[in-house]
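Whole structure, please, built from the sequences with the hints as guidance.
In the order they appear, the protein sequences are chains A and B.
To convert, note that position 225 of the first sequence is 1215 in the working numbering; the numbers rise steadily by one, no gaps.
To convert, note that position 182 of the second sequence is 167 in the working numbering; the numbers rise steadily by one, no gaps.
To be clear, the hints were calculated from the coordinates, so they are not data collected in a lab.
Take the hints with a grain of salt, since some may be wrong.
DMTMM-like cross-link-like pairs, simulated, lysine to aspartate or glutamate; straight-line CA separation at most 20 Å [to be verified]:
{"id": "1", "chain 1": "A", "residue 1": "Lys1006", "chain 2": "A", "residue 2": "Glu1287"}
{"id": "2", "chain 1": "A", "residue 1": "Lys1357", "chain 2": "B", "residue 2": "Glu99"}
{"id": "3", "chain 1": "B", "residue 1": "Lys185", "chain 2": "A", "residue 2": "Glu1075"}
{"id": "4", "chain 1": "A", "residue 1": "Lys1319", "chain 2": "B", "residue 2": "Glu69"}
{"id": "5", "chain 1": "A", "residue 1": "Lys1357", "chain 2": "B", "residue 2": "Glu(-12)"}
{"id": "6", "chain 1": "B", "residue 1": "Lys191", "chain 2": "A", "residue 2": "Asp1076"}
{"id": "7", "chain 1": "B", "residue 1": "Lys191", "chain 2": "A", "residue 2": "Glu1369"}
{"id": "8", "chain 1": "B", "residue 1": "Lys185", "chain 2": "A", "residue 2": "Asp1333"}
{"id": "9", "chain 1": "A", "residue 1": "Lys1354", "chain 2": "B", "residue 2": "Glu101"}
{"id": "10", "chain 1": "B", "residue 1": "Lys133", "chain 2": "A", "residue 2": "Asp1385"}
{"id": "11", "chain 1": "B", "residue 1": "Lys191", "chain 2": "A", "residue 2": "Glu1075"}
{"id": "12", "chain 1": "A", "residue 1": "Lys995", "chain 2": "A", "residue 2": "Glu1369"}
Source: prediction; values computed, not measured.
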Amino acid sequence: MVNLKRGSGGIAVPEKKELSSSAKIVDAGLPNELVLFLSQHTGAPASALVKAGDSVKRGQLVASTQGAVSAAVHAPTSGKVKAVEDRYHPVQGRLCQAIVLEPDGLNELDESVRPRASAVEDITKEDLVALAREIGLVGLGGAAFPTAVKLTPPPNKPIDTYLLNGIECEPYLTADDRIMVEEPHDVVFGFRALMKSAGVKRGIVCIEDNKPEAIEAMREAIKPFGELELAVVPTRYPRGGEKQLIQVVLGREVPPPPGLPLDVGVIVSNVGTAYAMAQAVQKGLPLVERIVTVTGEGVKTPCNFRSLIGTPVSYLIELAGGFSGPVGKVIMGGPMMGVSLKDLNAPIVKGTSGLVVLQRGQIKREKVLPCIKCGRCVEACPMGLLPVWIAACSDSGYLEDAEKYRAMDCIECGCCAYECPSKRPLVQSIKLAKNRITAKRRALAAKK
Amino acid sequence: MLEAGVFLGLAGLSIGLLLALAAKKFKVEEDARVSAIISVLPGANCGGCGYPGCAGFAAAVAEGKAPVSGCIVGGNPVAEKISEIMGVAAQSVSPLVAVVYCQGDNEQAAKIAEYEGITDCAALNMLGGDKECTYGCLGLGSCVRACKFDAMYMNDKGLPVVITEKCTGCGACVRACPRGVIDLAPADKEVHVRCRSYDKGPVVRKYCKVGCIACTACVRACPQKAITMDRGTLAKIDYSLCDNCGICSTKCPVKTISYPKKAAEKAS
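Quick look at the structure:
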């Protein structure tokens, strides 16, 4: 058992996980069309290797990496490439190049999909890193950072601990919970593979105490392995953020950006990522499917699906029994950090952990009132920032001041806006400031 | 009483002398032309010239870094005055005005989502907008708030309108628009392709009644050969060739191209 430290900030939110936490993972099957964005990850977009009319097979590489921080894209099923064109990206909010695939229903495997090893001991460290890069593995918790980059830290930064993130602090979502309950041995296999590839000796599985079933399953699964420990973390949003998790479990503080967990000798990966890694080692399957929770009071039967990347949102909602009444919002991701969709034909991307459908009656449109300087946002901020000031600087156009108050450190968890009694859209203001600061830095860098 | 008066008088006299001496000794040599130029500038500090305010521009002109015709707002009259001060020949500038290259208001291009959040087009643009068109006007009026000359307003259908008589061509609205829907065009030109969507014709047709569908009717109709198809999907007018005849506007099946009203009035 790991001794826990105190973390700062955060809030208690209604969990609502009971809607889908007991629903077994079921296969979502084949939709009529799959849309594979070339930019589903943090970093440079992949470049397409196929063109309209080409035939592809399940697991075939269809877009290769460009640059060091990038991830490859593979065909989730066999079929024909309908087009390579610009489609509206639901998360990035702009047009992005995408490969549109029409499944042929045969689901033929590509010859590149072959088992690599049946035990972690049978495969070398270098092969594991190469495999993670080859299969286009990214962090499946949401930010979708290419895993292979995490696994190759610079030699001057020794890593001593690997954290497996099974916190899933977002309300409603149960995808990680179900993976741990149903496939604990695969998760542990993948975790050990990740640890080996990064050369880390100590691994800690972190789970929030609102998932007793998952805790028991994982406790059993890690028993044979002495290097693995279990940390049961008290439930509080946003413990699942990697910086918050490191703070609580190890008591180490990640330095502000561009500081990374590896600066304090830690790597964090999601349980979904470990599971995908296990699939890659045991079956050779690239990252072409993931577990997606479709839940919320707005769907008839909340479910956990094993869904192909690129499946349209509308298809999954139909599969979950359709809407239960007038719809208020369909959110991709959790209700705290997810984005509200404007188009239900948008596809699932690698980072989509769930779809939350809310009823019309659940959406409150409250009037935005002036700030009363109560400081609740400051108390709630898990990064120790002053959301009220950053937002005020952003709203009045003082970018330099927003930067000085460390707008770029914001993790956009939404605690400040959730707590605000005046219902001010603080996160949106801060996001806008971050966006403008990034644009300014880019312009400056281009000048040099 | 008397002592106080003498003391105050002496103190005042000595401090006065000190100040007079200091003013002589530490006199800052200022280019007289700078203050002269500032006095003829409009004084709106709009930044349209690219310098920080009118004073910054005046200093740059005096140093020879900025052209005498650099003040877009002042136009030819101001350029003439500045060239007099600087003692150089005046170059004539052709005035520019802001043009909104989108007609997709709430009636022509319906919203497909409800936006709630801060009233700033840049914030809405980060979410991809609330319409299907990813190129057109977002309708939250960031451009109107950026205008320092009261030359823009939002109409009741959610589209900004430029009052060309008031517009000085400073370009503040152009910089405020995250979608690049507003641009500066020569003030004497009235024919504009009022669409910025690079989507293919059938796609545009689905979400906007007045978007360019790339039928190329205007390209074929233009007697001056001033219209080309940008990226093959959007008509673009070369203003240096356009003569305001308006034939393209009459040929456009979706009324994307504006008709030259003033030019027509003059002719009749």
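Status of the hints after comparison with the structure:
1. Restraint check for A/Lys1006 and A/Glu1287: the C-alpha separation of about 10 Å stays at or below 20 Å, so the hint holds.
2. Simply put, A/Lys1357 and B/Glu99 have alpha-carbon atoms about 15 Å apart, close enough for the 20 Å limit, and the pair holds.
3. With a C-alpha separation of about 11 Å, the suggested pair B/Lys185 and A/Glu1075 falls inside the 20 Å cut-off, and the hint holds.
4. For the proposed pair A/Lys1319 and B/Glu69, the alpha carbon gap of about 64 Å is over 20 Å, so the pair is violated.
5. For the hint linking A/Lys1357 to B/Glu(-12), the alpha-carbon distance of about 69 Å lies beyond 20 Å, and the restraint is violated.
6. Restraint check: the Cα-Cα separation between B/Lys191 and A/Asp1076 comes to about 16 Å, which is no more than 20 Å; the hinted pair holds.
7. A threshold of 20 Å between alpha carbons decides the hint, and for B/Lys191 with A/Glu1369 the separation of about 48 Å lies outside it, so the pair is violated.
8. For a cut-off of 20 Å, the pair hint linking B/Lys185 to A/Asp1333 stands: about 19 Å separates their Cα positions.
9. Using a Cα cut-off of 20 Å, the hinted pair A/Lys1354 and B/Glu101 holds, with the two alpha carbons roughly 11 Å apart.
10. In summary, the hint linking B/Lys133 to A/Asp1385 is supported, as the alpha carbons are separated by about 18 Å, within the 20 Å threshold.
11. Among the hinted pairs, B/Lys191 with A/Glu1075 is consistent with the structure: their alpha-carbon atoms are about 18 Å apart, no more than 20 Å.
12. This hinted pair checks out: A/Lys995 and A/Glu1369 have alpha carbons roughly 18 Å apart, not beyond 20 Å.
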